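Fit chains B and C to the known structure of chain A by using the hints.
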Amino acid sequence: MGGKSKSIFRLSMIMLLSLSVILSGCGGNNNAANSGSGNNGKQAESGNNTGDKVEPLEITAFIGEAGQQPTPDNKIYKKIKDELGVTIKMEFLAGDINQKLGVMIAGSDYPDIMTANTKLTAAGAFIPLEDLIEEHAPNLKKHYEKYWNMMKDPNDGHIYILPNYGAYNGEVSTTWYSGPAFWVQKAVLEDAGYPQVKTLDEYFDLIAKYKEKYPTIDGSPTIGFEILNYDWRNWGLFNAPQHLIGQPNDGGVVVKDGKAEIFADKDSAKQYYQKLNEVNAQGLVDKETFTQNYDQYLAKISSGTVLGMFDQHWNFQTAEDALTTQQKLERTYVGLPLVYDKNTKDHYLDRPALNLNNGFGISVNGKDKAVQILKMWDRMIQEDWQKVLSWGIEGEDYIVNEESRFMKTQEQRDDFTDATWKLANKADAFYKFSPKMQGYFEDGNATDAAAQPEEYKAGLKEYDKKFLEAYGYNSYVDFFSPAPENPIYYPAWSVDLVEGSEAKIVNTKQNDLSTKYLPKAILAKPTEFEAVWSDYAKEIGKLNIKAYEDRINEVLQWRIDTWTVK
Amino acid sequence: MDETLTKKSAFRKPKKAKKQPITWSLIKDQKQLIFMSVPLLAYIILFAYVPIWGWTMAFQDYKPALDFGDQKWVGFKHFKFLFQDDNFLRVLRNTLGMSIINLILGFVTAIILALLLNEIKKIFWKRTVQTISYLPHFLSWIIVTGIVATSLASDGIINDLLMKLHLIKEPILWLSEGKYFWGVVGASHVWKEVGWNTIIYLAAMASIDPALYEAADIDGASRYSKMRHVTLPGIKPTIVILLIMQVGHILEAGFEIQYLLGNGLVVDWAETIDIFVLKYGIAQGNYSMATAGGIFKTVVSVTMLLIANWTAKRLGEERLL
Amino acid sequence: MANQSISPGHATAAAVNRRMGRRKLEPILFNTFNTLFMIFLVIVTLYPFLNTIVVSFNAGNDTIRGGLYWWPRQFTLQNYKAVFASGTIYNAFGISVARTLLSTVLNIFLTTMLAYTLSRKEYVFRKPITLIFILTMYFNAGLIPGYFLMKDLHLINTFWVYVIPSMMSAFNMIVIRTYIGTIPESLIESARIDGAGDFKIFWRIIFPLCKPVLATIALFVAVGAWNQWFDAFLYTSSKQELSTLQYELMKLISSSMNANSNPAVSNGAGMTQQSISMVTPLSIRAAVTVVASVPILLVYPFMQKYFVVGLNVGSVKE
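Respectively, the protein sequence lines represent chains A, B and C. Using full-length UniProt numbering, read the first sequence as starting at 1 and increasing by one per residue. Using full-length UniProt numbering, read the second sequence as starting at 1 and increasing by one per residue. Using full-length UniProt numbering, read the third sequence as starting at 1 and increasing by one per residue.
Chain A on its own, in the form it takes in the complex:
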């Protein structure tokens, strides 16, 4: 049987080769395959140069999200191969992760390392790493020291995954906010004389006044407020209430004193949707807001006619970019941390938490290579490699000025947004999921170009400088209150609800109900709002919400017990 299949395989390869040579003409990529296998000998030699010698190693990796293969001559992967002796063969996912994981698990077909997924962990696909790290990877151990307990699996206490984000070095400061907020066009604030906007009522008053004054923008009707609820991009409709009562982003629940509770059917939510109902009656909400798709939403924003919306910044980033290229800077947005009443302190900005269930783990099939793999990461977590992975090669990808600050030329900045360039010059796909330093290097430079204050200032436009000056702020983040210390269990949204469990099903059903009833409530005549709302609350009441809340509370309690430093 084995022999037969081998010969079939060989036959197919021969046929393939001949076909692909014929069909793809010269086939420039044949070189890639050849150099891939022919390089091992060379690495061994060049490996001698570095202090930390690692045996030549080929690692197969499964990346649980879409990505593109780097070019065969990618300079960072080449450096990794030359200096660390490691070749990384990556497999990216396109298509449905649940389907792929189903067959991978059923067939136990795992590559050496895989990105985290609770299904894989539950299936026993990863090996425990805590002892191996203690023994073989002192730098990794140091990197994760503060977070060690948090990395443990809630079910059996082993460490299977090395979180890719959230292990910080030094104070975290930021100049760029990509999270949720009520956004408003800069022109609206400018027109009103740069007021301080704190509450929801003030916000909509401002929008109403502006819309009245300027019924059209560039010839198109002015749109007061947008609410996007398309596919999985549903926070535009769902998430605002928790922020309005001064709570941070915990997903579908509000956590008070370590106890989680849904807010979707509570009065705090009702107040928000009633307000939306009211402003809709005033004609401030876009008529098409609930039928539009994501592309249409972006098109409206990038036309400059939308005055405000509740959203996460990254979600409409491309539309804002389009406004910038059109030189419509006054149509770009400021995030406002609104609350219901002035006495509530806003909590939009949060401190980064450890990115649980993200990052790489080593599979049972990669067990034999585990030590070597950990040694590789142990080497990579050191500053010299972190600089290479994050900033690139000095002189080529960034420059160091007289004050030994890392900077980029405009050309280098442009390169960094060019996906094509990155395939040849960055190891993004691998770096993204690997353990990494965040915050600052020992020399004071930010680990990430985007967080380097000089870089931020250099990119600031004249209009924005003037705008910030009017408020006396350094950056747009100053509109938000500084992030307080996170509660130990934060954030609740990272709780794994467990696929197929009652908690998960209830959560899905609750989202279905919200998707169906909230638009109805907002678009209803103000006199009918109460009726729709009570239908909605009644339907939610029928669900076993307790199962959902219990699951979250159970994990939060576990976190409090395990993560608290004793």
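I should point out that these hints are in silico values taken from the structure, not numbers from a laboratory. As the structure is a computational prediction, the values presented were derived from the model and not from experiment. Hints are supplied without guarantee of correctness; some may be wrong.
As the list claims (entries may be wrong) - No more than 25 Å apart at the CA atoms, straight line, and that leaves these computed lysine to aspartate or glutamate pairs for DMTMM-like:
#1 A/Lys89 <-> C/Glu241
#2 A/Lys79 <-> A/Glu549
#3 B/Lys179 <-> A/Glu549
#4 B/Lys279 <-> A/Glu549
Unchecked claim - If you want the footprint, here are the derived chain A segments under chain C, 3+ residues with CB under 8 Å:
#5 60 to 68
#6 487 to 494
#7 551 to 561
Note that the Cβ used here is the ideal one computed from N, Cα and C, for glycine as well.
Just chains B and C now, with coordinates in the frame of chain A:
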């Protein structure tokens, strides 16, 4: 050898006999037919029927990490979840509604278009129209629904046109009302697939004996009566067979288009069985639930297929079996 | 002329023309209507594809504004550059062509052969075999059992997993069988009297006579095989050199969407505002669609020459 064998079969009449007993001589007689079909039968049994053991998953809480023997058996739990859900009947209604609309619209438009294309005498023009009309088939639903949504927007081309023709005073928000949704889905299907669906009829028309047209011409038949009495009967077997097969797919209303065009305001009209099973099956990692949904659809399909086939038989039409 | 007969150049055409001259108005009206309708159809069905091409040649951050219809506003090749950047798609293209060709040839031959046997009313196993095939259209064993089968057959991570599991389709078989049913029985009978066996009849008579329907089926199979990505996703995804064009393009689209989605990162890492990417998921998707579909679109015009009325049956009879 060939000689003797074929000599014998020369006398073999295509018997319209009913219930002929299978005898050795008959099998010997039909040796070549058997050689030509039985290996393919073995093939299809291996690739299509052997994996059906997987249907046992519908009666388990299947976990891919466990061996077959370690799975937990749960009886009809997943079927109960499916049938007892408050939304099940609504989802079933939507599936049937959209599927029937698609079926009727799909057949009628494709046949009419094929007939009209057949009337074009300039070969180049005919082929150009054919080629262009099948282009949308190659676009994914995400692109097509993108264009549909833009066209149906309040400032989209459809509303523009209707306003200019003074048929409406205010733009209609087509995607905000359940009553339009099935129609939008049906029309989108026609738009995307009509050209592609005609291909099969055009091929069938190629088999019509030109002598029939000549005879009709000599009788002075009009274009319409030739269409009616020559072309349509010529492609009728194809139409009937495709119809029977399609009736079996009555629960296949798709999910992509509904998913992409649907929204909270029309969800009561947009959600299909496939979406439901996707949401509570695969998306929850619940393969058992997905399998249960599949079994339900198969049972309905086969029932419908047999009914359709039986009806065709009663009507004296071409049939599948 | 408005009222030409069906097969131009036929001897009787002129005579028919004269006779039909009496009722000229109706055909003129009909043809005018028909032409207008076809023009409408062409516009409506050309638009989506043309629009996709327009988007693919337009700068991504401009496309986002919407309102792009028949002509690019800011011409760019950037989207195509991004599609071809990683270089993996050349090999994938070769694989896709290979699997498409092989599948088409195998399907046509095997399906027609089976269809012929099942069209013979005297064939003893006709009914059971037909039923067994037809049922396959209406069930699906599911992902995981299918995967186990491929694994047991050692097809995982081989090229053959693209070809072997889909060598036949019941639907195509039925379509061909129906077509064979329209071939006059007398042709088969006379061949039999001349001493031909079933295989010979199939190969020498049925096969050539079925050209129009085989052209159709070839198109169906080729388009299906070309557009297939699911098998690459399930069975060969860990072997880059076996990846198909559709799967590579699929990865490209998802990764461009990914790049624009949640940075999943606190502190907004990766999101700089100083430089703006020209390429967006929308424009990548358009370029990908064009790259993926143009090669297979070229098949149809080539097939069309087999769709001429009476091409085969008529010629055989004479």
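Verification of the hints:
no., hint, in the structure
1, A/Lys89 <-> C/Glu241, "12 Å, holds"
2, A/Lys79 <-> A/Glu549, "49 Å, violated"
3, B/Lys179 <-> A/Glu549, "37 Å, violated"
4, B/Lys279 <-> A/Glu549, "21 Å, holds"
5, 60 to 68, "holds (count 6)"
6, 487 to 494, "violated (count 0)"
7, 551 to 561, "violated (count 0)"
The structure does not agree with the numbered hints 2, 3, 6, 7 stated previously, though it agrees with the rest.
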